[in-house]
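Trainee: Chains X and F are the protein sequences, given in the same order.
Under the working numbering, the residue at position 107 of the first sequence is numbered 107, and the numbers go up by one with no gaps.
Count along the second sequence from 1, add 451, and you get the number used in the working numbering.
Please keep in mind that the hints were generated in silico from the structure rather than gathered at the bench.
Any given hint might turn out to be false.
Derived pair list, reagent style DSSO-like, types lysine-lysine, alpha-carbon separation capped at 30 angstroms [stated by the list, open to error]:
(1) Lys479(F) <-> Lys941(F)
(2) Lys222(X) <-> Lys964(F)
(3) Lys976(F) <-> Lys941(F)
(4) Lys222(X) <-> Lys616(F)
(5) Lys706(F) <-> Lys723(F)
(6) Lys976(F) <-> Lys222(X)
(7) Lys103(X) <-> Lys81(X)
(8) Lys706(F) <-> Lys616(F)
(9) Lys634(F) <-> Lys723(F)
(10) Lys103(X) <-> Lys87(X)
(11) Lys731(F) <-> Lys634(F)
(12) Lys616(F) <-> Lys634(F)
(13) Lys964(F) <-> Lys976(F)
(14) Lys706(F) <-> Lys634(F)
(15) Lys723(F) <-> Lys230(X)
(16) Lys941(F) <-> Lys230(X)
(17) Lys669(F) <-> Lys706(F)
(18) Lys863(F) <-> Lys230(X)
Pulled from the structure, derived: some chain X residues nowhere near chain F, Cβ distances all over 12 angstroms [to be verified]:
(19) Asp36
(20) Pro100
(21) Ser265
(22) Pro360
(23) Arg389
(24) Asn435
(25) Leu451
A short, non-exhaustive set of chain X residues, derived as facing chain F with CB atoms under 10 angstroms [stated by the list, open to error]:
(26) Gly75
(27) Ser144
(28) Ser191
(29) Gly192
(30) Ser209
(31) Asp226
(32) Ala227
(33) Ile231
(34) Ser239
(35) Ile248
(36) Asp310
(37) Glu343
(38) Gly363
Glycine included, C-beta positions come from ideal geometry on N, C-alpha and C.
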Amino acid sequence: MLTRRHFIQRTGAALTGSALLSALSRAGYAQTPPADYKALVCLFLNGGNDGNNLLIPLDDEGYAQYEAVRGSNSGINIPQKSWLQIKSASQGGRNFGLHPSLKGLQGLYDSGRAGLLCNVGTLQQPLTRDQYRSGQGRPPNLFSHLDQVLQWQAGSGGSVARPSGWGGRLADANGSRFNGETSFPMLASLSGVNLFTTGLAAGVIAPGSSSLRGFGTSAASKSRYDALRKIESLDVDRSALIQAKNRITGAAIDNLSILNSALDSLPALSTVFPTSSLGQQLQTVARMIALRDVLGLRRQIFYCSLGGFDTHANQLSTQASLLGTLDAALSAFHAATVELDVEQAVTSFTLSDFGRTFKPSAGGGSDHGWGSHHLLVGGAVNGGDLYGRYPSLIPGGGDDADSEGRWIPTTSVDEYGAQLARWFGAGDVATLFPNLGLFDATRSDLGFMRL
Amino acid sequence: MKKFGSATGWLLAVMLVLPVTQARATNKVDWIRFLEQASFGPTPDLINAWQGSDPASWLQAQQQLPATRFTDLLPLPADQNLGCPTTDPNVAQCRRDNYTMYPLQVQFFNNALTAPDQLRQRVAYTLSQIFVVSGLQIRQPSSMVPYLNILVDGAFGNFRDLLEKITLNAAMGDYLDMVNNNKPSSDGRIQPNENYAREVLQLFTLGLYQLNVDGTPKRGGDGTPLPAYDQSAIEGFAHAFTGWTYATQSGATPKARNPAYYIQPMEVYRSKGVDINHDKLAKHLLSYPGAPFEWLSAGQTAETDLSQALDNIFNHPNVGPFIGTQLIQSLVTSNPSRAYVARVARVFNNNGSGVRGDLFATVRAVLLDSEARGAAARPDSYGRLREPVLFLTGLLRGLEASSDGILANQTKAMGQDVFYAPSVFSYYPRPYQVPGITLQGPEFGIESSSATVSRHNLVNTLVYSRINSAAPATGTEISWARLEPLGAQKDSGPLLEYLNANLLHGSMPAAMKSIIAGILTCSMKTGQTECSNARDRAKTALYLVATSAAYQIQR
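From just these sequences and the hints, can you work out the full model?
Mentor: See below:
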């Protein structure tokens, strides 16, 4: 079959921008508008967002547990009256509070378009405190940023055969099934290279830079472009690193050219996005969703990130500011999905390194923890409720790995990801998450998505 | 291992001394490779010195050169509205110069491009990617200068000294929360901050797993790697590192929490002579055969606890292979053999005079090793992706560019915003496996499609234009003085050979030469013997060589 690269080689043309796009359209790459469109948008909160100040119980018993450890002299107390109240049917009808910065998300929650999954984290198998204390079944390198980020993004406790993320594997397994022969990647990262969007075969595009510059329509320009692309396909010294670099370069030149020319001709959205980095990332996501027909994509997977959550000190102001940024960006993004008439087809969800210790640390912060609560937004989310099981906030208690309030997750990354993958239409979630079978099959439907 | 007899030793000594001039005369390629590893890029002048020098002598000469340090800057109030009020007509420039890393970025690039002490600068830059402090947290450049100078001054010193200076540096104290990290609160609810304790072990000295001297992890009976430390050790160090606050500024009264001040190292707060914020209980640290200070005794001062805690870390057998591997990966190759790591680690462990942690000896071992030098065959896995900074400086030095050093936006577009590392893992994480293959390639961790096209576009700017700066700064422009005369020759061979030698140390494949030669059309006017499109031909050839993966992978 004719791939885009072959197409370029065959025509031998230094096509960039709209010329390439229209040529591809003529060659049948931009298909008829895809039906059954869906997109997953991963928002990674870098540094380890403190779930214990994201979502707390506001009933008397629950708030008393909160206040016993994070009271007014703890350095990280959020007063009872400041919390945004939300209701949850599934947690015994208890009232909960959302962080005061999340006013937009509170609205989405109340209208059934946002939910939270409680105490989810990296696990290789279901784990009790006793098992953990005896050293059984612990994921490797708990509480280490880099390792926990990789385990969140790889799934299955990081025990996948080759480094790949579950977004990447989802694209590997379902790319041609949904997106046909288009070679434009299903995966897009708005925040550089990451494991989540790394597949074993699937490509990924990182929008942002301009297309390849410096080539015009002259014969000299065309021959230099041809030479560039030929050199890129040479096997120099049989060097594996040179070959790897050439693969990245070739795909980048092709895909950025297609994307940028398509973006250039796309009318602006009327939704106004914040100027924050995350706001701008999500604006590009929205615009790439708007281009789904042009790019011939029935499925897209996006990765965005927001950093600075490693709040060992000065947590109150830092987290309030970051969650405010998140709230504004996510609210705008949700509005854009409504504008684009894909509200039901786009699901955004958060991941983060880990939660943080319930006990405060010196300097008005908290240390690296484990299980935490995560946000889900979109019209296909069974919103207005909490899923999973909220931990009992007792240091040294049954949910604590030690005595600092490092919650042992009661839902695994695998279960979380598998549920999103099922909604996305993945054929075989057990292959995506090799450890999934170790978790209780009866709770395979966590309920947070409308399947 | 077989020991050399004295006669063999004598012979070896003679061999080392005598054939050097011969080696010089036969190995220009390796000399250029050496300069790629040991500097911010070979310049034509350095390359031309190949007949009068050799790697070992050059290293020795570099060691003697005075350090090019970062200039001290004046701290301003933390609030930039006070330091650079909006009423100041130059408010934007004031803020750029005093509240961003801009002045340090300019110094960094100027030093990289022109400082004589290239090796020290290159090693200091590598160390800045191990002992990370980021401008994302530390807002004033004046606060970063002492940290950067610790690295420049300590690049050839002892690792133990460097570790202590870095530990007590106030910018590091702020970045990883050792400053104002106090003993547990009386009710036990607030615990010492674990941030520095964890990262000093995981990222600065030991890594996650117990290592053999060759850098491979030690494994338990079930095959899983053995952790180098556990959570209780982290808590031990977190308690050991309590009691420190910012230095008391001259004329001020010491406080339990001194105001932020970055020019001097952190100090211990004492009330009536007692370091009351320091935890006085005994602490359990790292346990390994021969470990000094596995336990810190109860009742010790903050200074004694800190010193002993650092001794406990420094003597751990991981430090040599852990630091050695990172130096090799930063300077030479992403996938060193185990034997290479072991040779370097042994020099870290003992520099030959019984000293542990001699960084200059360790760097020398990295660069003079047979696996770095041309002596050994280079496997398919060999080399490293030039990170954006080295990609840019390598081109500018190789092409004798004039530059004002205002280059940070160029590397930022390629994914490396100098002194604004996104996290304590620096610009890119280690380890990092290159997608699609089974090799390590840390620099690939920022090689997104945007970054990679930005590399090509940077080459386009340098070759077909220049990097402009706002006046009065002069911008950056490469020199055509050597390339244009070569471009004028009808035979494209000399032009290609020059680029091949100086940028690719002679590794350009024949197919690449013929592709480039095939489009270097010479326009010659009647009666002339030289091509009239000399500059254009030089540009075409340079663009294609500089964008090639053969250049971008240093090999």
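Trainee: None of the hints should be skipped; say for each whether it holds.
Mentor: Status of each hint after checking the structure:
no., hint, verdict
1, Lys479(F) <-> Lys941(F), "holds, 27 angstroms"
2, Lys222(X) <-> Lys964(F), "holds, 18 angstroms"
3, Lys976(F) <-> Lys941(F), "holds, 12 angstroms"
4, Lys222(X) <-> Lys616(F), "violated, 56 angstroms"
5, Lys706(F) <-> Lys723(F), "holds, 12 angstroms"
6, Lys976(F) <-> Lys222(X), "holds, 24 angstroms"
7, Lys103(X) <-> Lys81(X), "holds, 14 angstroms"
8, Lys706(F) <-> Lys616(F), "holds, 22 angstroms"
9, Lys634(F) <-> Lys723(F), "holds, 18 angstroms"
10, Lys103(X) <-> Lys87(X), "holds, 14 angstroms"
11, Lys731(F) <-> Lys634(F), "holds, 8 angstroms"
12, Lys616(F) <-> Lys634(F), "holds, 22 angstroms"
13, Lys964(F) <-> Lys976(F), "holds, 26 angstroms"
14, Lys706(F) <-> Lys634(F), "holds, 16 angstroms"
15, Lys723(F) <-> Lys230(X), "violated, 75 angstroms"
16, Lys941(F) <-> Lys230(X), "holds, 24 angstroms"
17, Lys669(F) <-> Lys706(F), "violated, 46 angstroms"
18, Lys863(F) <-> Lys230(X), "holds, 28 angstroms"
19, Asp36, "holds, 27 angstroms"
20, Pro100, "holds, 23 angstroms"
21, Ser265, "holds, 20 angstroms"
22, Pro360, "violated, 5 angstroms"
23, Arg389, "holds, 24 angstroms"
24, Asn435, "holds, 16 angstroms"
25, Leu451, "holds, 31 angstroms"
26, Gly75, "holds, 7 angstroms"
27, Ser144, "holds, 6 angstroms"
28, Ser191, "holds, 9 angstroms"
29, Gly192, "holds, 5 angstroms"
30, Ser209, "holds, 4 angstroms"
31, Asp226, "holds, 8 angstroms"
32, Ala227, "holds, 5 angstroms"
33, Ile231, "holds, 5 angstroms"
34, Ser239, "holds, 6 angstroms"
35, Ile248, "holds, 5 angstroms"
36, Asp310, "holds, 8 angstroms"
37, Glu343, "violated, 29 angstroms"
38, Gly363, "holds, 6 angstroms"
In terms of the numbered hints stated before, the structure departs from hints 4, 15, 17, 22 and 37, listed from lowest to highest.
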